[in-house]
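What follows is each chain in one-letter form.
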Amino acid sequence: MAPITFLLAVFFTSIGAGTVGAVLGLGGGILLVPILTMFFQVDMHYAMGASIISVIATSSGAAAAYLATGLSNVRIGLFLVMATIAGALTGALLSDVVPVPWLEIVLGLALAYSAVATLQQLNVELPGDVPDDRLAVRFGLEGVYYDRRLAQEVKYRATRVGRGFAAMYGAGVLSGLLGIGSGAFKVLAMDHFMRLPMKVSTATSNFMIGITAAASAGIYFARGDIHPLIVAPVSIGVLLGAYFGTALMGRMRNTTVRKAFLPVVVYLALSMILRGLGIHFP
Amino acid sequence: MSPRACGRESTPGAGIERLIARVLFWGGLLGVALMLVGLLLWALQGGLQSHVLEVRRTIRSGRSDRPPGVFVSLPEVTGSLTARPPDPLAVVALGVVVLLGTPVVGVAAAIPAFLRSGERRYAAVAGIVLSMLLANLLLAGGAG
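First to last, the protein sequences are chains A and B.
Here the numbering used here = 1-based position in the first sequence + 1.
Here the numbering used here = 1-based position in the second sequence + 269.
Hints listed in this document are in silico derivations from the structure and should not be mistaken for laboratory results.
One thing to keep in mind: the hints can contain errors.
[Stated by the list, open to error] If we take Cβ atoms under 10 Å as the criterion, some of the chain B residues that face chain A in the derived model are:
1. Phe294
2. Gln318
3. Gly364
4. Pro381
5. Leu384
6. Asn405
All figures in this text were calculated on a predicted structure; none of them were measured in a lab.
Ideal placement from N, C-alpha and C gives every residue a C-beta, glycine not left out.
With the hints as constraints, model all of the structure from the sequences given.
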């Protein structure tokens with residue numbers, strides 16, 4: 002493949018990944034790494050380096066728009082990101098101690114359970130009244146946004162914050178142990194445990210993934226895993242895609258976002274369980 | 270989409286959201302703009318004709334086989350920018366550094382904003398997050 006063809010192909014692929022990442026709160030890395038390695042024969046280290054930088058690009062583009070519209074909740078994001086970064090540090094420290102295959106199987110089973118839970122509330126547009134939570138009241142973990150699709154102002158309040166915080170810590174540990182992004186886990190913790198509206202969950206995840214990615218991206222940079230000729234077309238494409246994604250999500254229903262999210266959870270669950278069993282899965 | 274151009278906002282203390290949104294928006298844009306400029310300069314200097322893209326699967330056994338344009342520290346980037354002629358791929362790397370620092374600056378900017386709006390608890394939360402980020406960056410420097 003000629004260099005110009007390669008750069009343009011990676012650029013246009015990244016626009017698609019950025020759009021999907023911005024809507025689902027994943028950052029696009031989950032799509033980019035397999036695409037770059039399988040279809041473009043990019044070295045795995047460079048693909049992961051480009052992916053982590055693309056997460057920051059998606060987050061910068063998408064979170065900026067979501068914060069301004071009130072979809073992303075900065076207080077909930079900052080509160081939970083403490084758990085994620087602490088978990089990532091713990092994971093990095095435990096990486097030589099914990100048997101990773103067992104962990105992958107446990108994580109895969111937890112994700113499979115989450116997929117079933119997501120399926121059960123597939124058509125729930127808004128969470129409605131939720132039980133009072135001491136931590137949510139104390140930290141003011143609530144908000145309001147104008148839903149353009151529903152043409153109404155939506156007020157929401159977090160519940161079961163302790164479980165959400167623990168899930169975020171777990172997501173961080175896995176992130177540090179396995180070197181994976183944890184956007185999907187963040188969305189699940191906010192949607193499933195804390196009962197936030199799905200769009201608030203993905204938008205807040207977009208804000209958080211940029212912070213957690215920045216925490217680990219320095220390591221990728223120092224290791225020499227960031228190749229300028231891959232990261233440039235990826236970041237430019239992903240940022241453009243993130244702007245398209247934010248415009249798109251404002252017009253989507255919470256249920257549509259959840260339906261688009263479900264296959265990702267199923268894929269991740271299968272991928273984790275098979276990896277834990279020693280079967281290679283992209 | 271400019272953060273100012275987006276929808277309605279009615280939550281109290283929305284100024285903090287707007288401030289972080291601006292930092293993320295302009296930081297992201299600056300980082301990506303630098304990457305675009307670097308890529309264009311690289312192409313104009315004949316990169317597309319002469320440069321073999323060493324991005325395919327390669328056997329990597331350490332820094333000695335690092336392909337040209339892969340930087341691992343800020344001094345390396347600034348050194349290549351101030352060299353004559355400057356390395357266009359160092360401009361791309363500078364964009365990476367700007368992008369990498371954008372969320373950190375966003376969190377740092379939130380601390381005085383929370384203090385001004387009387388939300389000491391969240392100023393402390395943002396302070397803890399910032400400390401963790403800086404600790405991670407220091408660890409990364411040590412790893413490199």
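Outcome of the hint check:
1. The interface hint given for phenylalanine 294 of chain B holds, since its Cβ lies 4 Å from the closest Cβ of chain A, which is under the 10 Å cut-off.
2. Contact between glutamine 318 of chain B and chain A, as hinted, is supported at the beta carbon level, the nearest pair being about 8 Å apart and thus within 10 Å.
3. Taking 10 Å as the C-beta contact cut-off toward chain A, the hint placing glycine 364 of chain B at the interface holds, the least distance being around 7 Å.
4. The criterion of a C-beta within 10 Å of any C-beta in chain A is not met by proline 381 of chain B, whose closest approach is roughly 14 Å, and the hint is violated.
5. Annotation: leucine 384 of chain B was flagged as interfacial toward chain A, and the flag is violated, the nearest CB pair being 14 Å apart, outside 10 Å.
6. Among the interface hints, the one on asparagine 405 of chain B holds; its C-beta lies about 4 Å from the nearest C-beta in chain A, closer than the 10 Å criterion.
The earlier numbered hints that this structure contradicts are 4 and 5.
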